[in-house]
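Q: For the record, the sequence lines run as chains U and H. Here the first sequence stands for residues 1083 to 1306, where the numbers follow this note's numbering. Here the second sequence stands for residues 17 to 406, where the numbers follow this note's numbering.
These aren't lab readings, by the way, just hints derived from the structure by calculation. Among the hints, a few may not be true.
[Claimed, not checked] A few chain U residues that don't get close to chain H, going by computed Cβ distances all over 10 Å:
#: 1; residue: F1088
#: 2; residue: Y1111
#: 3; residue: T1161
#: 4; residue: G1162
#: 5; residue: F1169
#: 6; residue: V1280
#: 7; residue: A1288
[Said to hold, decoys possible] List time: in silico DMTMM-like cross-link candidates among lysine to aspartate or glutamate, alpha-carbon distance up to 20 Å:
#: 8; chain 1: U; residue 1: K1198; chain 2: H; residue 2: E203
#: 9; chain 1: U; residue 1: K1198; chain 2: H; residue 2: E372
#: 10; chain 1: H; residue 1: K120; chain 2: H; residue 2: E152
#: 11; chain 1: U; residue 1: K1198; chain 2: H; residue 2: E94
#: 12; chain 1: H; residue 1: K120; chain 2: H; residue 2: E203
#: 13; chain 1: H; residue 1: K396; chain 2: H; residue 2: E372
[As the list claims (entries may be wrong)] Derived Cβ-Cβ restraints for the label pairs, each shown as a range:
#: 14; chain 1: H; residue 1: H236; chain 2: U; residue 2: S1116; range: 47 to 55 Å
#: 15; chain 1: U; residue 1: F1141; chain 2: H; residue 2: R150; range: 57 to 65 Å
#: 16; chain 1: H; residue 1: E153; chain 2: U; residue 2: M1083; range: 46 to 54 Å
#: 17; chain 1: H; residue 1: S179; chain 2: U; residue 2: A1190; range: 31 to 39 Å
#: 18; chain 1: H; residue 1: H169; chain 2: U; residue 2: W1295; range: 55 to 63 Å
#: 19; chain 1: H; residue 1: S179; chain 2: U; residue 2: W1295; range: 49 to 57 Å
#: 20; chain 1: U; residue 1: M1130; chain 2: H; residue 2: D129; range: 33 to 41 Å
#: 21; chain 1: U; residue 1: V1223; chain 2: H; residue 2: G70; range: 40 to 48 Å
#: 22; chain 1: U; residue 1: A1190; chain 2: H; residue 2: G176; range: 49 to 57 Å
#: 23; chain 1: U; residue 1: D1196; chain 2: H; residue 2: G279; range: 32 to 40 Å
#: 24; chain 1: H; residue 1: D358; chain 2: U; residue 2: L1291; range: 50 to 58 Å
#: 25; chain 1: U; residue 1: A1190; chain 2: H; residue 2: Q228; range: 42 to 50 Å
#: 26; chain 1: H; residue 1: R150; chain 2: U; residue 2: Y1293; range: 52 to 60 Å
#: 27; chain 1: H; residue 1: Q48; chain 2: U; residue 2: E1158; range: 26 to 34 Å
All residues carry an ideal CB built from backbone N, CA and C; glycine is no exception.
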Amino acid sequence: MDWQAFLLTVKLAVLVTAILLVLGLPIAYWLTYSPRRWKFLIEAVVGMPLVLPPTVLGFYILLALGSKSPIGRWWESLTGHTLAFTFEALVIGSVIYSLPFTVQPLAAAFSTVDRKFVAASATLGASRLRTFFRIILPLSVSGLLTAIALTFAHTMGEFGVVLMVGGNIPGVTRTVSIDIYDQVQATNYASANQTALVLLAISFVALSLVYAWNRKVWAIWPWR
Amino acid sequence: MAVEVVKRGGKPATPAGGPGSAAPAGLSAHIQKRLRANGSREFMLDAQLAAPPGITILFGASGAGKTTLLDCLAGLLEPDAGHIALRGRVLFDKAAGVNLPTCKRSLGYVFQDLALFPHLTVEANVRYGLAKIRGEEQAGRTAAILESLRAAHLRARYPGEISGGERQRVALARALVTEPELLLLDEPLGGLDAPTKSAIVDDLRAWNRAHQIPILYVTHDRGEVFALGERAIVLEVGRLIAQGTPHEVLNAPRQEAVAQLAGFENIFDATVDATHEAQGTMTCRLAGTAVTLEVPLSRVAPGVRVRVAVRAGDILLATSRPQDISARNIIPGAVLTLEQRDFMITAQVDCGVRFEVHLTPGARDSLQLRAGREVWLVLKTHSCQLVAST
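Work out the full structure: start from the sequences and follow the hints.
A: Next comes the structure, spelled out in structure tokens:
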């Protein structure tokens, strides 16, 4: 088992989950409450990573981060090295790739919050921000946990995008799933199995926790 | 104060005036809002009203636009046109581009389904609207309002753990604790038993005496109108059709729609035969019959077609022609049907037109009423109301 790759992957997953929460909460809020008619377009863009082959997504992210793109050039002028095939590129690629896994559970949870509670909060003098943090978010806890668990687990196990934008640099961009691929290529099945089992266990535990919590939430509010 | 009849499409008799001009201490509003209810026909709310401090009852059938009107006042819906002013403060003015967000309107709103926050305790629910004041004062005011509404023992419970009446008290406490400048109550006591209801009504009246703000109270319960209201406004399909004291609006309705809402079972077409200015009465002949009724004098000329409304409970039944009685209308007829529902008998009596009469089982038995029996209907002049058809 390659602990370096494992720790790197955990670090990536934690970072990506944190970033996606910050980005995903306002996006999900906007998708749920905006009166704009064209918001379905944004919904489609957010959902794209669900259906696109990771290599396609990874390819375009690589182009966008490369030294010929404005983003790549800006990064180079800032840091002195290219963005592609770095840990930062891995974070950016993973954020884009896992975006629907954060936004969709959140938006689904927000839309089940009765609008009457939002209206009641406003009549009690609460700003939209206060209504969001005191009413909408607490009533969407199950969606929030689902979003965190899915985003974390999904980032832990991603392969295609990571390979495209990060390559396979030990300690920098080599994640567990790439490590497993390498082990299999080297016919080192025992080691591949060990790592794969760890990923399997993490995914199982994460999903079990989410489902267990969701049951508890239902039991708290029996009248609904 | 006379009942003001507002003709469809015309100007209301009460000058609601410009923003803040009519009732500086109260609410003045003119709201126009077109709604496209899903699938059904378009609905247009067009209401001009002035509500001074005190309880104003908003009365109307379901679908009349009562909740839409409250939502517009609260800023939850944006009117297409009009203005809303509260104590001289402009909340909304389409022409001037003013639209204060709900959270800045300082109002209390008790929703029909209460909308207590399910994840917060009773105390946290009530305290929610006090975010802008200091912590100790928050606790003090929360405790005081829960105490005065007799809900202090519920403070640590969640809304899902208390009864319907208790939830209604808590919702009221949550709205009142912020000391709003306008209180909107959307059937807040619906579905409660009478003793619980009258206890909460007493609490609300007491609070109102101390605070004197405009309170709009939506109901379609006649009993609540008389128990609570100093004024009543009647809304029908988006239009304000009558306002006055509850007694004036509901007991002497000038509009057929109000008469139906207020429970006038008998509404007839009639023609004015003669007016008796000195007596304060006039004679009307019911359309298609020889039956004449003496009704209170109204400003209409003989020959004009009118509508007459009579409550089924205001009609007396006799099995022989009554003599020496003050009532001016004694009409012969025959019982068509008798139907019992709970402890009330509904009799249909044919007098040329069909009258509905309510009586008790005891009255039916002592008069030995049955279908086909010859009877006399006895109606007081003032039990007969002229209404304008809408």
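Q: Each hint: holds or not?
A: Cross-check of the supplied hints:
1. For U/F1088, the requirement that its beta carbon stay farther than 10 Å from each beta carbon of chain H is met, with the minimum near 38 Å.
2. Every CB of chain H is more than 10 Å from the CB of U/Y1111 (nearest about 17 Å), matching its label as outside the interface.
3. A cut-off of 10 Å between C-beta atoms confirms that U/T1161 is not in contact with chain H; the least separation is 44 Å.
4. A cut-off of 10 Å between C-beta atoms confirms that U/G1162 is not in contact with chain H; the least separation is 48 Å.
5. For U/F1169, the non-interface assignment is confirmed: its Cβ lies about 39 Å from the closest Cβ of chain H, beyond the 10 Å cut-off.
6. Every CB of chain H is more than 10 Å from the CB of U/V1280 (nearest about 36 Å), matching its label as outside the interface.
7. Against the 10 Å criterion, U/A1288 stays outside the reach of chain H, whose nearest CB is about 24 Å from its own CB.
8. For the hint linking U/K1198 to H/E203, the alpha-carbon distance of about 15 Å falls within 20 Å, and the restraint holds.
9. For the given pair, U/K1198 sits about 43 Å from H/E372 by alpha-carbon distance, which is inconsistent with the 20 Å threshold.
10. A distance of roughly 23 Å separates the Cα atoms of H/K120 and H/E152; the hinted pair therefore is violated under the 20 Å criterion.
11. For the given pair, U/K1198 sits about 16 Å from H/E94 by alpha-carbon distance, which is consistent with the 20 Å threshold.
12. The straight-line distance between the Cα atoms of H/K120 and H/E203 is roughly 24 Å, outside the 20 Å bound, and the hint therefore fails.
13. Of the pairs offered as hints, the one joining H/K396 and H/E372 holds, with about 15 Å between alpha carbons and a cut-off of 20 Å not exceeded.
14. In this structure the hint that H/H236 and U/S1116 lie 47 to 55 Å apart at CB is violated, the actual value being about 35 Å.
15. Taking the beta carbon of each, U/F1141 and H/R150 are about 58 Å apart, inside 57 to 65 Å as hinted.
16. Here the CB-CB span from H/E153 to U/M1083 is close to 59 Å, at odds with the stated 46 to 54 Å.
17. Distance hint check for H/S179 and U/A1190: the Cβ-Cβ separation is about 32 Å, which falls inside the suggested range of 31 to 39 Å.
18. For H/H169 paired with U/W1295, a C-beta distance near 32 Å fails the hint of 55 to 63 Å.
19. Between H/S179 and U/W1295 the beta carbons are some 30 Å apart, a value that contradicts the proposed interval 49 to 57 Å.
20. A hinted range of 33 to 41 Å for the beta carbons of U/M1130 and H/D129 is consistent with their spacing of about 39 Å.
21. At roughly 43 Å, the beta carbons of U/V1223 and H/G70 sit within the given window of 40 to 48 Å.
22. At about 23 Å, the beta-carbon gap between U/A1190 and H/G176 misses the expected band of 49 to 57 Å.
23. At roughly 34 Å, the beta carbons of U/D1196 and H/G279 sit within the given window of 32 to 40 Å.
24. The hinted range of 50 to 58 Å is satisfied by H/D358 and U/L1291, whose Cβ atoms lie roughly 57 Å apart.
25. Restraint check, U/A1190 to H/Q228: a C-beta distance of roughly 46 Å satisfies the suggested window 42 to 50 Å.
26. The hinted range of 52 to 60 Å is not satisfied by H/R150 and U/Y1293, whose Cβ atoms lie roughly 43 Å apart.
27. A hinted range of 26 to 34 Å is violated for the C-beta pair H/Q48 and U/E1158, which are about 59 Å apart.
Checked against the numbered hints above, the structure breaks hints 9, 10, 12, 14, 16, 18, 19, 22, 26, 27 and satisfies the rest.
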